[in-house]
Each structure stands twice: as C-alpha cells, then as structure tokens.
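Visitor: Chain residues, written in single-letter form:
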Amino acid sequence: MIDDSVLVQRCLANEVEAIRTFVDRFQGLVFGLCFRMLQQREDAEDVTQETFTRAFRHLRQWQPERSLKPWVMAIAANRCRTRLARRLRQPQSSGDWQDVATTNATSPGLAEELEKALESLREDHRLCFVMFYQQELSIQEISEALDCPTGTVKTWLHRARKQMAEQLQERGVVNRDGYELHRF
Amino acid sequence: MAMNCTDFEQEWSEQLDSTPPEWSAAATVHLADCADCRRWLALQSVMDRAIEDWKQQPIPSISTDRILAAILAVQADQSVVVARADVPVSRPSRALSTISASLMTTVTAMTLLIVGWSFWQPDELVKSPSVAELEAVPEDVAPVTATVAEFWQDVRTGSAHAAQRTVQTWDQLPTITQRVRVTANTPPAESNAVPAPIEVDSPSSPRTELISEWSNLTRPLGQKVGTALQFLGTVLPSEAPPAS
Chain H
2 MIDDSVLVQR CLANEVEAIR TFVDRFQGLV FGLCFRMLQQ REDAEDVTQE
52 TFTRAFRHLR QWQPERSLKP WVMAIAANRC RTRLARRLRQ PQSSGDWQDV
102 ATTNATSPGL AEELEKALES LREDHRLCFV MFYQQELSIQ EISEALDCPT
152 GTVKTWLHRA RKQMAEQLQE RGVVNRDGYE LHRF
Chain D
5 MAMNCTDFEQ EWSEQLDSTP PEWSAAATVH LADCADCRRW LALQSVMDRA
55 IEDWKQQPIP SISTDRILAA ILAVQADQSV VVARADVPVS RPSRALSTIS
105 ASLMTTVTAM TLLIVGWSFW QPDELVKSPS VAELEAVPED VAPVTATVAE
155 FWQDVRTGSA HAAQRTVQTW DQLPTITQRV RVTANTPPAE SNAVPAPIEV
205 DSPSSPRTEL ISEWSNLTRP LGQKVGTALQ FLGTVLPSEA PPAS
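If you read the protein sequences in the order shown, they are chains H and D. Converting from the first sequence to the numbering used here requires adding 1 to each position, the first position being numbered 1. Converting from the second sequence to the numbering used here requires adding 4 to each position, the first position being numbered 1.
Some hints could be false.
Chain D is nowhere near these chain H residues, computed Cβ spacing over 10 Å in every case [to be verified]: (1) Gly29; (2) Thr83; (3) Leu89.
Once the Cα atoms are required to be at most 25 Å apart in a straight line, the calculated SDA-like pairs of lysine to any residue come out as [claimed, not checked]: (4) Lys163/H - Lys59/D; (5) Lys163/H - Ala31/D; (6) Lys70/H - Ile55/D; (7) Lys117/H - His34/D; (8) Lys70/H - Gln48/D; (9) Lys59/D - Thr156/H; (10) Lys163/H - Ser22/D; (11) Lys70/H - Leu60/H; (12) Lys163/H - Asp57/D; (13) Lys59/D - Gln40/H; (14) Lys59/D - Asp47/H; (15) Lys59/D - Gln41/H; (16) Lys59/D - Gln141/H; (17) Lys163/H - Ile103/D; (18) Lys59/D - Asp125/H; (19) Lys163/H - Cys9/D; (20) Lys70/H - Gln141/H; (21) Lys117/H - Arg88/H; (22) Lys117/H - Asp11/D; (23) Lys70/H - Cys9/D; (24) Lys117/H - Ile63/D; (25) Lys59/D - Gly29/H; (26) Lys163/H - Glu15/D; (27) Lys59/D - Arg123/H; (28) Lys163/H - Glu56/D; (29) Lys70/H - Asp37/D; (30) Lys59/D - Ser139/H; (31) Lys59/D - Ala14/H; (32) Lys163/H - Ser49/D; (33) Lys70/H - Ser144/H; (34) Lys117/H - Gln48/D; (35) Lys117/H - Val33/D; (36) Lys163/H - Arg43/D; (37) Lys163/H - Val33/D; (38) Lys59/D - Leu60/H; (39) Lys163/H - Gln234/D; (40) Lys163/H - His34/D.
FYI, nobody ran anything at the bench for these hints, they're computed from the structure. All residues carry an ideal CB built from backbone N, CA and C; glycine is no exception.
Here chain D stands alone, though its shape is the one from the complex (with noise of 0.2 Å):
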C-alpha cells in the first residue's frame, strides 16, 4: 500500500528520538515520488540545525548555596510544625469553636443580666415567701455557671469529639413543657421596672418543676433575663438558675 504525506509525517514523528531515522521501504519510495516531503524533510534538516545552534547558547547558572539555604529553611519551619505537632492536644474543630464561644458569650451575658437584676429588684419582691421560695435551691444542684464552666474547661482541655458528644447529650434532652406557677406579690403598679407576678402550681417545691416563660418577667430587663433563663431552662434542665 502506497504511503501518503501524511504517513509519512506521521513515520518521522515516531522516530524523534532515533537518530538518524531508519526509514521503512515504504517511507523512502514515498520521498522518491514527493517533491513537498522532500521539501518538508529539507526543512527540518534546517529546524535540527537551528536546535543545535540553540542549545549551544549559555544559560547562567544558578547558586546551589542559594537553594540549598532556602531547603534548609524549610526545613527548619517543617520540623517546628512536627514539634507542634508532637503535643498530645487535640484542638476543637472550627465549628465547635464557634458554637463554644456563641455558647459562652450567651451565659455570660445571662450572668450579667442575673446580677445587674438582682442588684435592681426591690426588696419587697426579693423578700417575698414565693420567691424566696425559689431561692432556696437545694444542695445536690450544681450551680448553672458551675456546669457551663465544667462544659467549657471539657472543649478546651478534652477532645473534640467529647466536646461534641456534650454537646448532642445536650440536643436529646427532653423539652420541657411542664408550666410552674410561682405566686408572688404584685409589684408596685407604677413602676414598669417591677418584674410581674409569676404564677405556681406547686409553692411547696419550686424548684421540682421548671419554669418554662421566663419571659413573663417584667420588661424591659426582665424581658432579656426571661429570655435568658428560657433559653437555659431548655438546654440544662435540671439545673435551672434562681430567678433573682
């Protein structure tokens, strides 16, 4: 079968890397015949020419005391990073960060707001039976910020995965539906400040049940505690805050 140009091509591009080119018997009656491969062969006779002038020209050189410097720098950074990495810490993920320091942000807000109302609130309703009924917490519950300290000491020093599993223990506890009337006296009516009587189904053990509206504390700081404590009340409750 004759050969075309194409082909032929085709058989020089497969020998670039032997030199010179063995030829089949086709390729070479092809030459014979075709002026334009001949043409085309003549030219990269020229092209190789030109490669060889090319290659011969100078390229500088570069300074291996240069690179080598810069390995050893890196080097250097990477066995920093292996140390680092030595350390038996684990680091929460970025997530958990987030959640943790939202979380943490949230009780100590909740703190200052407890404290800045219970310096706020008149005597008569700190004094009065039902409340102070509810202050009376008893001794096997562990303070809120106790826990959320505990919580917070478990994502800095424990794993990550610890820290998550905390966190969806928390996610599986019950919702809390039950209302607790507190029955309180009624705050003085000229003062919006006074926080509004709350109603108790049970004087006698307060603290059996759990407070679910917070919010109908008196406004408008009493508003942001109910909210407060309504948020607490459903992720610890167990461990309700005292409402003053």
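Isolated chain H (complex conformation) (with noise of 0.2 Å):
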C-alpha cells in the first residue's frame, strides 16, 4: 500500500492513477459516513463528492505528519454538518431522505432500532459513534477529525451509548433488567 505522503504528491502531481487510488481508499469511509449521518442516498452521494473535491482542492494544505484518513474524515464530517444545517434551513418530508429506516420498516430489528436511536443524538455524538463503531476509526484519529481531545471522545460515546440504551428501554426492545425483548 502505498505511503500517504508519496500518494498525496502524486495527487498534487495531478496522475490519475493516484488519484484514483486515493478515492478508491477513503470512498468507502467517506460514504459510509454520509450515508449514516444523512440517511439518504442521493445526498450521501453528492456530500461524498464534495468531500473529494474539497479535499483535492486543499491537498496542499495536508501536513504529512498527521494520518491522512482523520483530515479526510473531517472534510467529510464538516460537510455533513453543512448538509444537517442546510436540510434544517429547508425542511423536506421524512419520505423524502429516510432511505436507511424504510429498508426494513415491517419487522425492525435490532439494528433497526438502533439506527431510530442513532437519529435522535446530537450531532457531535453521531458523528462519533458512525467513526467508532461503523468506520472503526481509533479514539486517536475520530479525536484528530473531530479536532477534540481523546477523553472528550471517550465521554461521547458513552453519552451516545447511554443515551441509546435509554431509547432502547423506552421503546420496550430492552427491558429494565438489561435484557433484549423478544418481540418478533
């Protein structure tokens, strides 16, 4: 696998091989990330997108002793807080963006339901626990992407945690006892 310096100066050198290959290694991240904080396809896409194309824009500006994956990771977590803002500016029908939650919506599952309580946390929480636990990103580089120290990443997650094993409770899938209803 090639370095992360020698793959951005050959993306600064503008060949397309490396470009390429610098998509094809943080698309999926990228993605996964919008698609989990915007639920909806289309603007996942189009954020995912911007992502790329401001990070190539501001290639220069990547400084080689830091991991490129948390500065890529966090263009991508800035653009999906600029998309949250700009859907909150102009509000559309749950129709329209909720693809995640319609994929199963006749028998919600576990993970159905989590992804219910994913939606109510903050966005600074969310976006933590997508890294942590969707992405896999260390406490290290969601601290370096989120530009917050490693214990303030710790205690969101365990607020996110917390926050989602309440909802849990509420909505009867886990019982006070800390054990998993059957409901199915």
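Now that you have both chains on their own, put them together as the hints suggest.
Guide: Now the structure itself:
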C-alpha cells in the first residue's frame, strides 16, 4: 500500500492513477459516514463528492506528519454538518430522505431500532458513534478528525451509548434488567 | 478505596477501545456487590449486539468514476486559475477602482461642460482681451485631459501601489489660496447665461496664479463649470484649464 505522503505527492502531480487510488482508499469510509449521518443515498453521494473535491482543492494544506484518514474524515464530517444544517433551513418530508429507516420497516430488528435511536443523537455524538463503531476509526483518529481531545471522544461515545440504550428501553426493545425483549 | 457506580461506568468508558474490558480489582469487587451495575453491564451487552447487527446492514456503494470526474473537473478549473494568475498583471484594489472610476466620471463630465460652454458663450466675451489672455496657455503646461489620461493609464497598467502613491501625492499638494482676478468685459445685462466678470490681479500673466473662485462664473452652466474647475484647480494646481 502506498504511503500517504507519497500518494498525496503523486496526486498533486495530477497522476490520475494516484487520484483513483486516493478515492478508492477513502470513498468507503467517507460514503459510509455520509450515508449514516444523512440517511439518504443521493445526499450522501453528493456530500461524498463534495468531500473529495474539497480535499483535492486543499490537498497542499495537508501536513505529512498527520495521518491522512482523519484529515479526510474531518472534511467529510464538516460537509455532513453543513448538509444537515441546510436541511434544517429547508425541511423536507421524512419520506424524501430516510433511505435507511425504510429498508426493513415491516419488522424492525435490533439494528433498525438502533438506527432510529441514532437519529436522535446530537451531531457530535452521532459522528463520533458512526466513526468509532461503523468506520472503526480509533479514538485518536476520531479525536483528530473532530478536533477534540481523546477524553471528549470517550465521553461522547459513552453518552451516545447511554442515550441510545435509554431509548431502546423506552421503546420496549430492552427491559429494565438490560435484557433484550424478543418481540418478533 | 471502594468504587461507586459512577467510577465503574467511568472505568468502562475508558476501555471502550479495548475488547474485552480489563477490570480493575476495585471494579470487580463493585460489580459483585452492585446489582445496578450488573444490569447496566447487561444492557451494554445488548447494545454491543445491536451495534454488531447495525454494522452488518448493507451500505450502498458510490461510483468511483463519478467522484473521479468531479475531482478532475475541479483540477481543470484550478489549472485555468493558475494560468491566469501567471499573467503578470496586477489589478488595482476594488477601492482604488472605485476612486478611479469616480474621478474619470467627474473629469469626463467636466470636460463635456467645458466644451459645451465654449460653444455656448457669446463671441464678445471670447474675444475680450482678458479672457484671451487666459486662453494663452504656456507651452510647457500639459493639457489637463492629457494628464488625466496619463493617470488613468497608470491606474490601468501600473501596479495598484503606484496608483495609490499617485493619489497620495495629490493629497499632499498645497492648498491654493491665491485669488486671481481677471478683468473681463461686463456681459450683457439681459442675458443670464453670460459669465459674470472675473477679476484678475495681474492681467499680464493670468496663468501664473490660479483662479480659486471658479464658482463666480455665470449660473447655471457657469456654476457647474466653476465647481468642476474649482475641483480640478484643487487637485491639479499647476495645470488649471483654460476658462473657455
């Protein structure tokens, strides 16, 4: 696998193959984050594209001593925040953008219940949760991507899990003793 | 020291990225004694299972070519911008452009007024000796229009800094306080449009001093021309325009 700094240098030299490698390396992470955050495929595709174009526009600003992955994910997180803020200004009907929730609406399992609980988290907590559990970034990488201390990342993850667990209890998915209720 | 529930949760939180968690002796003792924490830990196990299920949900993929095309389009735009930036043309700042445009508009309007007035005024006034003296522009004085054109050319082709320096130089020019009187024929009383007489202190060399009271010219056109000339006399004292 090509080293980050070598890859960036080749991208800056406009080598198409290097650019393709760059995209291949991060598009899964970026699109996964965007899809989980925005819950709508088209929006996630648009924001993924924005993330990469922005990353290449500012690629010279990347510092080789930093890891490339958190840098790209930071751009993706910011683009997601911007898109979510725009949604708040231009509210759509839920049917327009909830691709995730409708995947298995007839028999919601634990995963769907968790997805619903995820929606209720505040943005920072949700970004943190998705990056850690879905994208499997380390605490350190999330700390760099979200530009906050590692302690804050752990606190946010803890609060996210706690809030989601409370929601699962309120919705009757889990009982007070912490055991999953088999409703199906 | 015995651990409480908050400490237990804190220790669990510290080990989020280590699976399975390695409990301290204090945490193990607390867990054995605390039913609430055992319930809480069971809930976390359900959460872990829910997260695993959630992670297994398929996420659609995105076309690499779409992203690649967008990136290449952006890079093409950037190379055009870079190519433009290579051209060694320095553009004046927006403020300087505004000032220059305002100045050009003023000078153009003034020039049109002067030309219009020269066509309009009666022959006897033009032919009057004092005004004729005013028309005798020394050879070494450049016409105002040429000077303004030169300044404008500097603004357009020179650096913004050079143009700003020119404007600053104008600001530093001394204020003209001399009053030059030009003796002219008295215009016909029945015509309001004829310029009023202008008094001159030294008729033999009217161009050596500047007229500061241009507003004494006949209204309404004369007033306008006078105002314009007064402005020009202030900013270009050595190149006052002819009065006709």
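Visitor: Each hint needs a verdict: does it hold in this structure or not?
Guide: Tested hints:
With 10 Å as the threshold on Cβ separation, the claim that Gly29/H sits away from chain D is violated: the shortest Cβ distance comes to roughly 8 Å. At roughly 17 Å, the least C-beta separation between Thr83/H and chain D is larger than 10 Å, which holds for a residue marked as non-interface. A cut-off of 10 Å between C-beta atoms confirms that Leu89/H is not in contact with chain D; the least separation is 24 Å. At most 25 Å may separate the alpha-carbon atoms for a hinted pair to count; Lys163/H and Lys59/D meet this at roughly 18 Å.
Of the pairs offered as hints, the one joining Lys163/H and Ala31/D holds, with about 19 Å between alpha carbons and a cut-off of 25 Å not exceeded. A hinted pair counts as satisfied when its Cα atoms are at most 25 Å apart, and Lys70/H with Ile55/D qualifies at roughly 23 Å. For the given pair, Lys117/H sits about 33 Å from His34/D by alpha-carbon distance, which is inconsistent with the 25 Å threshold. Of the pairs offered as hints, the one joining Lys70/H and Gln48/D is violated, with about 29 Å between alpha carbons and a cut-off of 25 Å exceeded.
The hinted pair formed by Lys59/D and Thr156/H meets the criterion: a straight-line CA distance of about 21 Å does not exceed 25 Å. The suggested pairing of Lys163/H with Ser22/D holds, with an alpha-carbon distance near 18 Å, which does not exceed 25 Å. With a C-alpha separation of about 13 Å, the suggested pair Lys70/H and Leu60/H falls inside the 25 Å cut-off, and the hint holds. For the suggested pair Lys163/H and Asp57/D, the alpha carbons sit about 18 Å apart, so the restraint of at most 25 Å is met.
Between Lys59/D and Gln40/H, the direct Cα distance comes to roughly 14 Å. Compliance with the 25 Å bound is thereby established for this hinted pair. In summary, the hint linking Lys59/D to Asp47/H is supported, as the alpha carbons are separated by about 22 Å, within the 25 Å threshold. Between Lys59/D and Gln41/H the CA atoms are separated by roughly 17 Å; this keeps the pair inside 25 Å, and the hint holds. The hinted pair formed by Lys59/D and Gln141/H meets the criterion: a straight-line CA distance of about 21 Å does not exceed 25 Å.
Among the hinted pairs, Lys163/H with Ile103/D is inconsistent with the structure: their alpha-carbon atoms are about 62 Å apart, more than 25 Å. The straight-line distance between the Cα atoms of Lys59/D and Asp125/H is roughly 19 Å, inside the 25 Å bound, and the hint therefore holds. Restraint check: the Cα-Cα separation between Lys163/H and Cys9/D comes to about 14 Å, which is no more than 25 Å; the hinted pair holds. Simply put, Lys70/H and Gln141/H have alpha-carbon atoms about 11 Å apart, close enough for the 25 Å limit, and the pair holds.
As the CA atoms of Lys117/H and Arg88/H are separated by approximately 18 Å, the hinted pair is consistent with the 25 Å bound. Of the pairs offered as hints, the one joining Lys117/H and Asp11/D is violated, with about 30 Å between alpha carbons and a cut-off of 25 Å exceeded. Only pairs whose Cα atoms come within 25 Å are accepted, and Lys70/H paired with Cys9/D is rejected, the gap being roughly 36 Å. Restraint check for Lys117/H and Ile63/D: satisfied, since their Cα atoms lie roughly 16 Å apart, inside the 25 Å limit.
With a C-alpha separation of about 14 Å, the suggested pair Lys59/D and Gly29/H falls inside the 25 Å cut-off, and the hint holds. Restraint check for Lys163/H and Glu15/D: satisfied, since their Cα atoms lie roughly 15 Å apart, inside the 25 Å limit. For a cut-off of 25 Å, the pair hint linking Lys59/D to Arg123/H stands: about 20 Å separates their Cα positions. In summary, the hint linking Lys163/H to Glu56/D is supported, as the alpha carbons are separated by about 16 Å, within the 25 Å threshold.
Among the hinted pairs, Lys70/H with Asp37/D is inconsistent with the structure: their alpha-carbon atoms are about 43 Å apart, more than 25 Å. A threshold of 25 Å between alpha carbons decides the hint, and for Lys59/D with Ser139/H the separation of about 16 Å falls inside it, so the pair holds. Taking the CA atoms of Lys59/D and Ala14/H, the gap is near 37 Å; set against the 25 Å cutoff, the hint is violated. At most 25 Å may separate the alpha-carbon atoms for a hinted pair to count; Lys163/H and Ser49/D meet this at roughly 12 Å.
A distance of roughly 12 Å separates the Cα atoms of Lys70/H and Ser144/H; the hinted pair therefore holds under the 25 Å criterion. Between Lys117/H and Gln48/D the alpha-carbon distance is near 17 Å, which keeps this suggested pair within the 25 Å criterion. At roughly 36 Å between alpha-carbon atoms, Lys117/H and Val33/D are farther apart than 25 Å, so this suggested pair is violated. For the hint linking Lys163/H to Arg43/D, the alpha-carbon distance of about 13 Å falls within 25 Å, and the restraint holds.
Between the alpha carbons of Lys163/H and Val33/D the distance comes to roughly 23 Å, so the proposed pair stays at or under 25 Å and holds. For the suggested pair Lys59/D and Leu60/H, the alpha carbons sit about 31 Å apart, so the restraint of at most 25 Å is broken. For the hint linking Lys163/H to Gln234/D, the alpha-carbon distance of about 79 Å lies beyond 25 Å, and the restraint is violated. Using a Cα cut-off of 25 Å, the hinted pair Lys163/H and His34/D holds, with the two alpha carbons roughly 20 Å apart.
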